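Chains A and B are the protein sequences, given in the same order. So for the first sequence, my numbering puts the first residue at 1; every next one is plus one. So for the second sequence, my numbering puts the first residue at 1; every next one is plus one.
It cannot be assumed that every hint is accurate.
Stated by the list, open to error - In silico BS3-like links for lysine-lysine, alpha-carbon gap of 30 Å or less: (1) A/Lys-445 <-> B/Lys-3; (2) A/Lys-205 <-> B/Lys-160; (3) B/Lys-160 <-> A/Lys-10; (4) A/Lys-188 <-> A/Lys-25; (5) B/Lys-134 <-> A/Lys-11; (6) A/Lys-205 <-> B/Lys-56; (7) B/Lys-54 <-> A/Lys-11; (8) B/Lys-134 <-> A/Lys-10; (9) A/Lys-205 <-> B/Lys-134; (10) A/Lys-205 <-> B/Lys-3; (11) B/Lys-3 <-> B/Lys-54; (12) A/Lys-184 <-> B/Lys-134; (13) A/Lys-184 <-> B/Lys-3; (14) A/Lys-353 <-> A/Lys-205; (15) B/Lys-134 <-> A/Lys-25; (16) A/Lys-184 <-> A/Lys-424; (17) B/Lys-90 <-> A/Lys-188; (18) B/Lys-54 <-> A/Lys-205; (19) B/Lys-134 <-> A/Lys-275; (20) A/Lys-424 <-> B/Lys-134.
Calculated directly from the structure, the hints in this document are not laboratory data. Predicted model only: the values in this text are computed from it and were never measured.
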Amino acid sequence: MQEHVQLSQKKINDDLLAGVLGMPKWWLGAVGFLLLVIATGIGAYGYEINKGLGVTGLNRPVLWGFYITNFVFWIGISHAGIMISAILRLTQAEWRRPVTRVAEVMTIFSLMAALSNIMFHVGRPWRLFWVYPYDFSRGLFMNIRSPFVWDPSAVMTYLIGSTLFVYVALIPDIAVVRDRATGKFAPKIYGMLCLGWRGTPRQWKLQAIAGILLSALVLPVFVSVHSIVSWDFAVAIGVEGWHSTIFAPYFIIGAIHSGVSAVAMIMALAMWMWKLDNYLRPDHFDAIGRLLIVVATTWFFFFFVEWIFALYTLESPELALRELQVFQAPYMWLFLAFLLTSFFIPVPMWLFKSVRRSPGLMFLSTILVNIGMWLERFLIIIPGLARRQPLQFDWGSYHPSIVEILVVAETFAFVALGMLLFSKFFPIIPIFDMKEGMQVREEIKIGRRIVPASIRETP
Amino acid sequence: MAKRSVLGLFTEEQVDEAGDALEALASAGYTTTEYEVLTGTPYPEGTFGEAEPKHKLFRWPLTGAACGFIIGLVLTAGSQLAFPLVTGGKPILSIPPMAIIMYEGTMLGAIIFTIIGILLESRLPRLFMGAYDKRITEGYIGVTVTTEEDRIPRAEEVLKQSGAGDITRGWESK
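Please build the complete structure, drawing on both the sequences and the hints.
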């Protein structure tokens, strides 16, 4: 890190708890707006439950539409959260400090949003409990061979694991809030949540080990979740474009691409909204920008290879699908937008240091990536199903209905509201991590230059 | 006999004095289980000359993984054997989906047990805070002694001699 603002522990507490102990003017308005969007989405979903899935644009043979697209999108976003946090923790990267919690918290809310899409999609959500092991009294147990059991087991493992991960890393910071909170109930609630944390050397040592150990445990889960989501498609042998052996790594790298972009986007938003300029520096955006170049290029390589594998077979149904995706409206326009927004506009932008160091431009470019990655999932799912198969007697097309659009908008509002509420009640930047970063930082003189350095032992 | 604790508070700059206090407490006959340092930020191990904390955390994920694996195996194999659905003349136990559920069970078990291990090894939850000062999370360093009530005055004296600013008492348990 070349830039650094040295702050006292008290100043760090004051800055990072400003949003928790006070309430900015915009906060209630933002929460109110998001609640309105959520209420509209829930209303639309209620209408769907009442009238049935006929109110959506789903139509034979396109029986997976916006909801499944959105499910894959949110699973993808959730991935980078823990991925970025875990890898940066494991490698002890100094620039991780203000970034990790934003990433981890985003994981939790995105996973919840992803799971809700399954509920929206199944039509009769009250039957979802058949997926879970319940009891033998009904005379029928879940069929564990079904991919629809793999998904909940993987996603729930990831959700439970990442929630516990966030909580453990949050305990020392909850203790800071406990010591600052006023009123009758707040100190008691925070006191209970931090479990009586005092900050002994033993507690700090285990906290450091926990960060690394849990990162190492959550990373394999993160890889498995998106692999399993991709197998929802890849094990369907009857759909061209889905039955591909490269889908698992291709989905994982796509998830990292969209997720790391989302982290950069939230970092910029958090910096503006909570005035965290002293903590989220241009250096942090620069670092995440460089990471994004690597991730985006790797993702593009997998995208390219997936296409080559498909075209190399020269099988007419596969070629027809690719032709539908690239040369026929409306998919051709979506395909063009997808390529431009997910790779060809943002990556050249990130090659410039001035762009990487600008929160505004990083915000803009990472929004583009997420638009592109949402379209990518749409283009994998819908054209694959929309193609007329042999012996198919009923053939319709897919147009998303207003119900689906409102429900999908609800998931975006839900994640935004979740982040907003979390940052109101808990510090969104790890306080103890920032304090430790200040403590281990030193300026050393090498020749005629004074450069910043960090010295830290390995736990 | 009810235990009591006493806390001596040192400023952020008094790191050496806090270390001296631990040495003085040891010289005065207090054991390492009776005194400890409280800080609002992690200091490098041994900063205050304190003993290296021993733990057995690494056993927890292994135990959890084993439990999760067994649950995954019983759940997958058991449900298929209890409700045998022959598909395409293939064996009842289908290994690939079993592997997925067993894998997730193993990882979930490992994670949950690790969390439990972290909390218990950190001696959390702690029902009684004992002597504590809110300024610790602001950068102050606390040296706390938890011992029988009759040994508290001597501990206070040692802390005062070492340069502690404020000294407060608290109940450790009732």
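So, going through the hints one by one against the coordinates:
Pair hint A/Lys-445 plus B/Lys-3 does not hold up; C-alpha atoms about 51 Å apart against a cutoff of 30 Å. Straight-line distance between C-alpha atoms of A/Lys-205 and B/Lys-160 comes to about 28 Å, which keeps the hinted pair within the 30 Å bound. Among the hinted pairs, B/Lys-160 with A/Lys-10 is consistent with the structure: their alpha-carbon atoms are about 25 Å apart, no more than 30 Å. With a CA separation close to 26 Å, the supplied pair A/Lys-188 and A/Lys-25 stays within the 30 Å bound.
The hinted pair formed by B/Lys-134 and A/Lys-11 meets the criterion: a straight-line CA distance of about 15 Å does not exceed 30 Å. Only pairs whose Cα atoms come within 30 Å are accepted, and A/Lys-205 paired with B/Lys-56 is accepted, the gap being roughly 12 Å. With a CA separation close to 33 Å, the supplied pair B/Lys-54 and A/Lys-11 exceeds the 30 Å bound. In summary, the hint linking B/Lys-134 to A/Lys-10 is supported, as the alpha carbons are separated by about 12 Å, within the 30 Å threshold.
Between A/Lys-205 and B/Lys-134 the CA atoms are separated by roughly 21 Å; this keeps the pair inside 30 Å, and the hint holds. About 26 Å separates the Cα atoms of A/Lys-205 and B/Lys-3, which keeps this hinted pair within 30 Å; it holds. Of the supplied pair hints, the one linking B/Lys-3 and B/Lys-54 holds, its CA atoms being roughly 24 Å apart against a limit of 30 Å. A hinted pair counts as satisfied when its Cα atoms are at most 30 Å apart, and A/Lys-184 with B/Lys-134 qualifies at roughly 17 Å.
Distance restraint check for A/Lys-184 and B/Lys-3: the Cα-Cα separation of roughly 28 Å lies within the 30 Å cut-off, and the hinted pair is therefore satisfied. As the CA atoms of A/Lys-353 and A/Lys-205 are separated by approximately 37 Å, the hinted pair breaks the 30 Å bound. Distance restraint check for B/Lys-134 and A/Lys-25: the Cα-Cα separation of roughly 29 Å lies within the 30 Å cut-off, and the hinted pair is therefore satisfied. Taken as a hint, the A/Lys-184 and A/Lys-424 pair is honoured in the structure, with Cα atoms around 18 Å apart against an allowance of 30 Å.
Of the pairs offered as hints, the one joining B/Lys-90 and A/Lys-188 is violated, with about 59 Å between alpha carbons and a cut-off of 30 Å exceeded. As the CA atoms of B/Lys-54 and A/Lys-205 are separated by approximately 10 Å, the hinted pair is consistent with the 30 Å bound. For the given pair, B/Lys-134 sits about 25 Å from A/Lys-275 by alpha-carbon distance, which is consistent with the 30 Å threshold. Note on A/Lys-424 and B/Lys-134: the hinted pairing holds, with a Cα-Cα distance of about 21 Å set against a maximum of 30 Å.
This entry does not satisfy hints 1, 7, 14 and 17, going by the numbered hints stated previously.
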